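Visitor: Sequence:
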Amino acid sequence: LPPGPLLSAVMLLSDAYMARASLMARALHPDVIIFLGDLIDGARSYSGDELDAGMKRFERVFHFPQSLRVLHVPGNHDLGLGGTYCEACADRLEKRITPFNF
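In our numbering, the protein residues as written are 1 to 102.
Please keep in mind that the hints were generated in silico from the structure rather than gathered at the bench. Just so we're clear, the structure is a prediction, and the values are computed from it rather than from any experiment. Heads up, some of the hints might be wrong.
[To be verified] The following label-pair restraints were derived from C-beta to C-beta distances:
#1 3 <-> 67: 31 to 39 Å
#2 53 <-> 17: 13 to 21 Å
#3 41 <-> 83: 19 to 27 Å
Cβ atoms here follow ideal geometry from the backbone N, Cα and C, with glycine treated the same way.
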């Protein structure tokens, strides 16, 4: 979607839905949370500022206590796939979150 009111509304609803799922997961008192792919939609093509904004959004929506083990498995939107894999993207994203688990 192009930037504008519709995209803002979609992001607001998506964030609320994902935050609710995060809250429900925390209520189960899990030992570990595993994020499977596409942590930040479009991370591969984002500038440093855009990636920072995406990470802040991710952390705001999925806020877990420090005591909970959280694993991240990046997806094709994060790093690319096959011939589009981006090593530099992996390096810069991994610096902002715990080491990838793949």
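Visitor: Hint compliance check: list the failing hint numbers for this structure, sorted ascending.
Guide: The structure conflicts with no hint, since it agrees with every one listed earlier.
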